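Enquirer: One-letter residues, chain by chain:
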Amino acid sequence: MKNFTSAKDIDDLPLLLDLAKEVKRNPFGYKKTGENKTIGLLFFNPSLRTRLSTQKAAHNLGMHCMVMNLNNEGWSIELEDGAIMNHTSQEHIKDAAGVVSQYCDILAIRTFASLQDRHADYSEKVLSRFMKYVTVPVVSLESATLHPLQSFADLITIEEKKVTAKPRVVLSWAPHPRALPQAVANSFVQWMKMADVELCITNPIGFDLSPEFAAGVPVIHEQDLALEGADFVYAKNWSSYENYGTIGTDHADWMITSEKMKRTPLAKFMHCLPVRRNVEIADEVLDSDASLILTQAQNRTFAAQAVLLNLLRNA
Amino acid sequence: MKNFTSAKDIDDLPLLLDLAKEVKRNPFGYKKTGENKTIGLLFFNPSLRTRLSTQKAAHNLGMHCMVMNLNNEGWSIELEDGAIMNHTSQEHIKDAAGVVSQYCDILAIRTFASLQDRHADYSEKVLSRFMKYVTVPVVSLESATLHPLQSFADLITIEEKKVTAKPRVVLSWAPHPRALPQAVANSFVQWMKMADVELCITNPIGFDLSPEFAAGVPVIHEQDLALEGADFVYAKNWSSYENYGTIGTDHADWMITSEKMKRTPLAKFMHCLPVRRNVEIADEVLDSDASLILTQAQNRTFAAQAVLLNLLRNA
Amino acid sequence: MKNFTSAKDIDDLPLLLDLAKEVKRNPFGYKKTGENKTIGLLFFNPSLRTRLSTQKAAHNLGMHCMVMNLNNEGWSIELEDGAIMNHTSQEHIKDAAGVVSQYCDILAIRTFASLQDRHADYSEKVLSRFMKYVTVPVVSLESATLHPLQSFADLITIEEKKVTAKPRVVLSWAPHPRALPQAVANSFVQWMKMADVELCITNPIGFDLSPEFAAGVPVIHEQDLALEGADFVYAKNWSSYENYGTIGTDHADWMITSEKMKRTPLAKFMHCLPVRRNVEIADEVLDSDASLILTQAQNRTFAAQAVLLNLLRNA
Numbered sequence: 001m002k003n004f005t006s007a008k009d010i011d012d013l014p015l016l017l018d019l020a021k022e023v024k025r026n027p028f029g030y031k032k033t034g035e036n037k038t039i040g041l042l043f044f045n046p047s048l049r050t051r052l053s054t055q056k057a058a059h060n061l062g063m064h065c066m067v068m069n070l071n072n073e074g075w076s077i078e079l080e081d082g083a084i085m086n087h088t089s090q091e092h093i094k095d096a097a098g099v100v101s102q103y104c105d106i107l108a109i110r111t112f113a114s115l116q117d118r119h120a121d122y123s124e125k126v127l128s129r130f131m132k133y134v135t136v137p138v139v140s141l142e143s144a145t146l147h148p149l150q151s152f153a154d155l156i157t158i159e160e161k162k163v164t165a166k167p168r169v170v171l172s173w174a175p176h177p178r179a180l181p182q183a184v185a186n187s188f189v190q191w192m193k194m195a196d197v198e199l200c201i202t203n204p205i206g207f208d209l210s211p212e213f214a215a216g217v218p219v220i221h222e223q224d225l226a227l228e229g230a231d232f233v234y235a236k237n238w239s240s241y242e243n244y245g246t247i248g249t250d251h252a253d254w255m256i257t258s259e260k261m262k263r264t265p266l267a268k269f270m271h272c273l274p275v276r277r278n279v280e281i282a283d284e285v286l287d288s289d290a291s292l293i294l295t296q297a298q299n300r301t302f303a304a305q306a307v308l309l310n311l312l313r314n315a
Numbered sequence: 001m002k003n004f005t006s007a008k009d010i011d012d013l014p015l016l017l018d019l020a021k022e023v024k025r026n027p028f029g030y031k032k033t034g035e036n037k038t039i040g041l042l043f044f045n046p047s048l049r050t051r052l053s054t055q056k057a058a059h060n061l062g063m064h065c066m067v068m069n070l071n072n073e074g075w076s077i078e079l080e081d082g083a084i085m086n087h088t089s090q091e092h093i094k095d096a097a098g099v100v101s102q103y104c105d106i107l108a109i110r111t112f113a114s115l116q117d118r119h120a121d122y123s124e125k126v127l128s129r130f131m132k133y134v135t136v137p138v139v140s141l142e143s144a145t146l147h148p149l150q151s152f153a154d155l156i157t158i159e160e161k162k163v164t165a166k167p168r169v170v171l172s173w174a175p176h177p178r179a180l181p182q183a184v185a186n187s188f189v190q191w192m193k194m195a196d197v198e199l200c201i202t203n204p205i206g207f208d209l210s211p212e213f214a215a216g217v218p219v220i221h222e223q224d225l226a227l228e229g230a231d232f233v234y235a236k237n238w239s240s241y242e243n244y245g246t247i248g249t250d251h252a253d254w255m256i257t258s259e260k261m262k263r264t265p266l267a268k269f270m271h272c273l274p275v276r277r278n279v280e281i282a283d284e285v286l287d288s289d290a291s292l293i294l295t296q297a298q299n300r301t302f303a304a305q306a307v308l309l310n311l312l313r314n315a
Numbered sequence: 001m002k003n004f005t006s007a008k009d010i011d012d013l014p015l016l017l018d019l020a021k022e023v024k025r026n027p028f029g030y031k032k033t034g035e036n037k038t039i040g041l042l043f044f045n046p047s048l049r050t051r052l053s054t055q056k057a058a059h060n061l062g063m064h065c066m067v068m069n070l071n072n073e074g075w076s077i078e079l080e081d082g083a084i085m086n087h088t089s090q091e092h093i094k095d096a097a098g099v100v101s102q103y104c105d106i107l108a109i110r111t112f113a114s115l116q117d118r119h120a121d122y123s124e125k126v127l128s129r130f131m132k133y134v135t136v137p138v139v140s141l142e143s144a145t146l147h148p149l150q151s152f153a154d155l156i157t158i159e160e161k162k163v164t165a166k167p168r169v170v171l172s173w174a175p176h177p178r179a180l181p182q183a184v185a186n187s188f189v190q191w192m193k194m195a196d197v198e199l200c201i202t203n204p205i206g207f208d209l210s211p212e213f214a215a216g217v218p219v220i221h222e223q224d225l226a227l228e229g230a231d232f233v234y235a236k237n238w239s240s241y242e243n244y245g246t247i248g249t250d251h252a253d254w255m256i257t258s259e260k261m262k263r264t265p266l267a268k269f270m271h272c273l274p275v276r277r278n279v280e281i282a283d284e285v286l287d288s289d290a291s292l293i294l295t296q297a298q299n300r301t302f303a304a305q306a307v308l309l310n311l312l313r314n315a
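Protein chains in written order, with this note's numbering: chain A, 1 to 315; chain B, 1 to 315; chain C, 1 to 315.
Isolated chain A (complex conformation) (with noise of 0.2 Å):
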């Protein structure tokens, strides 16, 4: 593995998720691999679990991490190669780019989708421009379409708390009152396509997913009729791709509920946070004995310990 962006980079998947067992078992057994080794971490965008969870894998391994907001405490980027920079933006991302990589032996990036202008997004326009210049392993802290460290502490999740050897898991879509980027989703589809499960995706009509991830995954646009028999419910919001970045104002009856849960009384409930309680999912589906949001949470740390171990002993 020389990045981590996309499953995609991964060579060998049982391999990373053995080693995510192992490092939950023995969270400081590697220190010595991380010794003198230093981590960025640039964020253009908020973040609670993937800046704590990262931080803290880093430093499970025995790593320097240095963590910086780059639209705040630097300076303000340019994307277009060949610009004439006399107006705002302060740094080209081929510089910054350039220099970072001098500074760290793996560096991770969180750059949110614009979800004004769809190519730019689906074509990862910061994340691969980024790439382009950096001279060291990069990790995906979330992109414009993608959040591998999500998707790999969901599948960990699964592997751990599935009690049949094929789980059936429905990604459901949920209401939310602001656009949100299509990035978990497109990736948790991603990486369940490449795990042992029958998958299928419930959303409203106009709210499928990009054929890009979602091609072959069946989809189901009545939610009652997906949930039956669903091992795992995975609730997430997500805006229009085909209406690029419309907000499905009129489904409000989407969200998860006691009652719809009822559908399918063994299922754990998932979801990646932050939520928006009582809109996207009811407090009762949430605060269940069947609710996997804190297990997903503490499986981050593992996620990206095993992707940052795998990183280090590759290069």
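Possibly wrong hints are sitting among the right ones.
[To be verified] Straight-line C-alpha distance at most 20 Å; calculated EDC-like pairs for lysine to aspartate or glutamate: (1) C/Lys24 x A/Asp231; (2) B/Lys37 x A/Glu35; (3) B/Lys262 x B/Glu284; (4) C/Lys262 x C/Asp283; (5) C/Lys132 x B/Asp287.
[Claimed, not checked] Computed footprint of chain B on chain A, listed as stretches where at least three residues anywhere in the stretch have a Cβ under 8 Å from a Cβ of chain B: (6) 74-87; (7) 115-122; (8) 134-147.
The set of hints was computed from the structure by calculation and includes no laboratory data. Fair warning: this is a prediction, and the values are worked out from it, not measured in the lab. Virtual Cβ for every residue (Gly too), placed ideally from N, Cα, C.
Use these hints to put chains B and C onto chain A, whose structure you have.
Expert: Here is chains B and C on its own, set in the frame of chain A:
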């Protein structure tokens, strides 16, 4: 001790004081105790002394320390149970608290009083909700009504500098152009009541502290009279508790000056900082040999270190 | 060396250069020296290279590093002695400096020129007041008039890349849409005067640097002429010292291009970054084999590390 959010959390104050003296003598003698332990410092509000001294204390103990500005680096927090989160708040404190507990062995949080709603502030609305959902020990970095790390450092300072067995300590209100919380004053009173000192408070009429903390402590509304015979003069502004959150604009003459300090020429002078020079206190007092302000700041490290060491040992 | 805020603070430049070469060869060879030592990095202004390279340098030496954005994480700072602080400033620099000295063995601070008041800037109003009240060694992370860590890295780079005993170094003014301080240019001149190089400066009329730094250095107002025979072309914008803080909007033709670099085809090109591409310097120059910009950035770590190591040894 399970948490450290109030003097009431302390099992044995003399023992904690001894621990502070011991870590001050030998700051790096306990680096093994914090090995592989992580503390998260979560800030809703500005901080200089608390931010740096607590990091320093954690590092002295060999702990890993993660600092986060919750307001602008993470998500805006919802406090109300059962809220339908379709407005601006992005993550419920229940989830934020549950999540950060996954990454930290101790959590520390700073959250100031609103000064809008006395009941909410005095019920420690934010801190108490945070603590309800956290699964690890909590340290207050100043809350709506108390600032125990400051008071502990103040007590250490008084112990170091006192020349009589039972010093007379005067807490004096001082003028300030903005509305400040009562936290430092409440907390100082709470700690002094547990210490071997003779405490009195002096403040203008209308600025009596909450009976919850100040009951039983003599209040003198004439500052000159109160200062007579003081061994320690501790000055601090607070906005009104009685007429909640209002500023004492008519009391500029309560500024502590050299002239006033002449009423008790051997007294030491204390202030928690930051201080509005020549409004709360005259330069001549702050910069005099009697001033202990930097010693108080220095002792913040050892107060925090003793608290963390105690929590780590009890874990 | 007691502080590092100017080339004048250096006792023995060749020795400091040797130390930089040594730590570059063996970055982790001095991890014991910084054990139990804390450095505080205090930022009033944005920073990328300085922020990361100084953290890296401190960590390479085994130091504990605390980073703080003074403007938005702490309190707003009062600079005037004797001020009656009843307006917006919340803490006097006297107190802030005294307090941070309690927590750090070395303090580093970044404070840019205002470009409003030449006298204030050239008296280093902020830095000098900070230093007056600090009780530990101070490192400049760029001040109003100087940027010694940058210049030291520049000198290391010239030493590494020079092919003649006494290279000809040309500092060229370059266009920029905003008013920038003269700090990098002043500092570069100050260091080059101490190095074994032949220095000249080229800038438009009205943009001569302060005689305090540039006295004795030839200034050529025709850029083409100045570039002839250069071994190193160091380009940088600065706003006018003479007509203080004004921008050279009429001098777009001072941009460094390949065409201009043809006047001295073997010359290396240098810039401290961030750079306004295609305004200050054409892409073709920045991205050419002659460009040393990333080597300069890399050497920031070792410049800082040599400085910190020297300060720790002298402590």
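Enquirer: Hint by hint, say whether it matches the structure.
Expert: Here is how each hint holds up against the structure:
About 56 Å separates the Cα atoms of C/Lys24 and A/Asp231, which puts this hinted pair outside 20 Å; it is violated. For the given pair, B/Lys37 sits about 17 Å from A/Glu35 by alpha-carbon distance, which is consistent with the 20 Å threshold. Annotation: proposed proximity of B/Lys262 to B/Glu284 holds, straight-line Cα distance about 12 Å (limit 20 Å). Distance restraint check for C/Lys262 and C/Asp283: the Cα-Cα separation of roughly 15 Å lies within the 20 Å cut-off, and the hinted pair is therefore satisfied.
Pair hint C/Lys132 plus B/Asp287 holds up; C-alpha atoms about 14 Å apart against a cutoff of 20 Å. Coverage of the segment 74-87 of chain A by chain B is violated. Counting CB-CB distances below 8 Å, 0 residues qualify, and the rule asks for three or more. Given as covered by chain B, the segment 115-122 of chain A fails the check, having 0 residues with a CB less than 8 Å from a CB of that chain where 3 are the minimum. Evaluation of the coverage hint for the segment 134-147 of chain A: breached, as 0 residues show C-beta separations to chain B shorter than 8 Å, against a requirement of three.
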